[in-house]
Amino acid sequence: MFGATSAIAEQVARLYAAKGARIFLAGRQRERLDTIAQDLQVRGASAVSTYGVDFDDVAAFGPMVEACGSPDRTLIAYGTLPDQQGAEGSADLTAKALLTNFTSPAVLLNLLADRLHSGAAVAVITSVAGERGRQSNYVYGAAKGGLSRFLEGLRHRLAPKGIRVIDVRPGFVDTPMTDGMDKKGPLWAKPERVARDIEKALERRDGPIHTPWFWWGIMAIITRVPARIFHKTKL
Amino acid sequence: MVIARRAEQVLSWGRCHRFDHVRLIPGTIDEAREAVRGEGPVLPFGLGRSYGDSCLNDNAVLIDTQRLDHFVSFDEAKGEIVCEAGVSLDAILALLATKPQTDGYWFLPVVPGTKFVTVGGAIANDVHGKNHEVEGTFGRHVNWFDLARSDGQLLRCSPEENAELFAATIGGLGLTGLVTRASIRLMKVPSLMLEVEDIRIRNLDHYFEVAEESRSGWTHHAAWVDVLAEGKAAGRGIYTRSRFTTCENSKEAKSGGPRVPVEAPSWAISHPTIKLFNAVYGRKLFGEMRRTECTPYGPVFFPLDGVSDWNKMYGRGGFYQYQCVVPKDLARESTAALLPTIAEDRQGSFLTVLKEFGDITSPGMLSFPMPGTTLAVDFPNRGERTLELLDRLDAITLDAGGRVYAAKDGRASAEMLVQGFPKLETFRRYVDPAFSSTFWRRSAGTR
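First to last, the sequence lines map onto chains E and C. Once you know that position 23 of the first sequence is 190 in our numbering, the rest is easy, because the numbers rise by one and skip nothing. Once you know that position 15 of the second sequence is 24 in our numbering, the rest is easy, because the numbers rise by one and skip nothing.
For reference, chain C alone in the conformation it holds in the complex:
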């Protein structure tokens, strides 16, 4: 067997971490099993949508799963799909769209903000969607997966079989072995259309009010927040809630959106342009208090997928995304502390999102969501100044007993990880000795 290998520099999605790697590209599961053996440390790599350093393995080996992209079976009666780990959620959704059922369509119960994520990556990060309160995380919908370990074993893992390894691998950041195949449970939806309601939000109190009220009847929620609004207006934005429906005469889904061809010059993400963007986007509703429309799921779930390579917007320096969750009882005051800290510093960017997590627990040991409120903000990388701000946000999060999302992180302290993830010590036992990552070495791997 000759496994394809390339020596190259690999960047993660935030583009502020770039390291030399050896990339192995196995073409079959046998080759993948070969690739995990021996030449450590190795780390599985999917479509590279993790923002920070959790998908990188500096000066070591990435096992790229792009050629493990085959479907194995699709049980249309039970709504179960089995595929190789490199199959993207995009490929699954495209397939499901071609398989109408008598009573609607099968759909992935949980999708993150981009469909360009592999099944392996969705498991390794235990991704969540806008419907966490209803469906929990991706890991809850995994029937089983096969895990290739560096000792040569290929282990079937499920809640019944190798249950501990199953729990460690869900949200386990690719450190427990290489997922080769997985079986995913689907959900039935009446159509591929969503009824979407946009509501203008005056401030943070109003956000929590609408979030509470939206719990009944709506399945998907997220609010875009004007990151520059201060004082009484802090938390101003647009709350978007939606649900699958069978509405007709919809907006047509556009195919192939614009593309950011090169790294943008740094003035493109400056205070004035961000202010302009926020002002324009904030007026999306044109004075109305709310608006309802029927829309294909794509633009609702994956708004940024329409702009190829949007991460290049932030120029050569790249950007950090900060995503944290603060627990329910302190959610209101912690969020009220986080927002002004960001606004005052004037570094935040176009995308600030607030969302509620429900209390459905994930099987994953290192799973990110907990009942409470999650905030995600993009920060152009301005070096020390940005890192200091993020440290201040960490302090607020930590104080509230919250945590940061490893898939987005590239700088948080080891302390953050230890406090935020109470099952970390148990998890450590299941890490494959040949596996590691830049994130893991930086934050928790060596002790």
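The following block holds chain E by itself, in its conformation from the complex:
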């Protein structure tokens, strides 16, 4: 689990703990990692190890990947939701958002790819926001969209080796990352729900998935709306 303190990653980890898995947790907040590790142990994980890391520091990834060994299942779940308007006026914010949401997972995936064995599966959380650039969050969307394209290529490379690469595209999920948003309405999903979809995909799927599934339909429409109509919306 890279980004193990993320709400979605934690729920996925619980599903694997219940199956008695050995789990490697990498994240920035040491104390939270310890709390989660204890919890997973009680829930049935046969072993849990933690690794403190700042995912913006890509130079530090070598030893981390060394420490995690050759995982059967991998989840990359970290990311930030940058303030779009802030980023529009700030080179630093834009660069940092791209670093955390695109560059960092891309670097990590390339390092990890060499260690994976046949039968392994890697899931990476991207976003429906990556499927079409929109004025309200295209910095985030571009990073996630770029990551989706990266995963497409990685999937192409690893498929012959029997390694599956899953691009998880959640819609609105009620997690700490989205605490600034109004969470009413039927489109909001709980992290537990998204985690079940991810676990299912890790066990048998390949390619991109939408979660909850209905986002497939929503995005099919949004990506096909002609620009002259799309530009009139505030999406």
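I should point out that these hints are in silico values taken from the structure, not numbers from a laboratory. The reader is advised that the hints may include incorrect statements.
[To be verified] Looking from chain C toward chain E, a few residues come up when the C-beta cut is under 8 Å (computed):
no.	residue
1	G36
2	T37
3	H79
4	V81
5	F83
6	L104
7	T107
8	P109
9	T249
10	Y439
Beta carbons are placed, not taken as given, at the ideal position from N, Cα and C, and that holds for glycine.
Fit chain C to the known structure of chain E by using the hints.
Just chain C now, kept in the frame of chain E:
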């Protein structure tokens, strides 16, 4: 530290109290300790299964414990579980089901009528189950908890350490501080199956007869009562008693039941539909006098958990649940007075339950159970008319020296609280100055 905060309207389970709140959602115990400081008045909030206003804090702050949902340890030799306050009983039971022991399973000694209750909420309401005569309340099985107070202290409370605060917090409605972690003692059961016996009850006398006879050999008891039966038939219903057993070839537990998607129209809870329901349910035994079967604990302990959002059945107006207890020596006559009052008014609904409380005392100062008989009834909210009826029921309860259950209450008078809870004045000393609730301000907080 940036604690998540949302301004929103929050309803309690009965859906007739809805207020604006600021909801703080701490992600760690450190954040939780931060959240209880300063910005008063605050009130801890779990899964919101309290029916009335005891889990609400109108125009003030709720500290939502949903993200404090981690287990800390599980000692399989001693049967002790330590977890954060936001862990639900559902999560604990699900965990225990995956940990078979050589001689059965560990299980929570006391579970209320829903498993969607947090450990913090179970402590704050000192919940009881169908086995009160055998195990007492939830609070009796708490080894210790950590309590975050608004002065910044985090106090370990147990019967030995900070014992008074321990007693005040059990059943203390979240007013003494925020429970962050707790250690719960479990009990060993031979399996997760129950032998269940349903007995047709003719009237109230028959109820007390069967309740008496069931005391030996059975651990869990409750009777469903046809609330519309009058005269000689008052108290007619079905008595259900059960015990853990090792029976095999059982009914399969269904996963994922039906759901009430929206608020039902008001005719759904009208006199004719209630009558129909009672008539159908009352014939559950198909003419038999009794029936025994082997059933997973879920449907026996948590019958309503199978229907998601069942509280929306009562429509936009919501409903009141009335739960009172009347002491043993007056139980028979008081119950005999309560039932016809409800039947005559024709407002009562699907769920009327009678149950016996035993004499195991709880450590909690404001704990609800006392030796005697408890009655719980749902009433669709019809405004003044319903409140008047509930006042009449209060009068009978008060006369008998009984009390109402704060977790279910949203309207009882301050007098009711003062008379029903003799340790109220002692309790007052342990209320955290930064903590309050709508219930507390309404009924006893300001004097």
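Hints, one by one, checked against the model:
{"no.": "1", "hint": "G36", "in the structure": "6 Å, holds"}
{"no.": "2", "hint": "T37", "in the structure": "6 Å, holds"}
{"no.": "3", "hint": "H79", "in the structure": "4 Å, holds"}
{"no.": "4", "hint": "V81", "in the structure": "6 Å, holds"}
{"no.": "5", "hint": "F83", "in the structure": "5 Å, holds"}
{"no.": "6", "hint": "L104", "in the structure": "6 Å, holds"}
{"no.": "7", "hint": "T107", "in the structure": "6 Å, holds"}
{"no.": "8", "hint": "P109", "in the structure": "12 Å, violated"}
{"no.": "9", "hint": "T249", "in the structure": "32 Å, violated"}
{"no.": "10", "hint": "Y439", "in the structure": "29 Å, violated"}
Violated hints, in rising order: 8, 9 and 10; the structure is consistent with all others.
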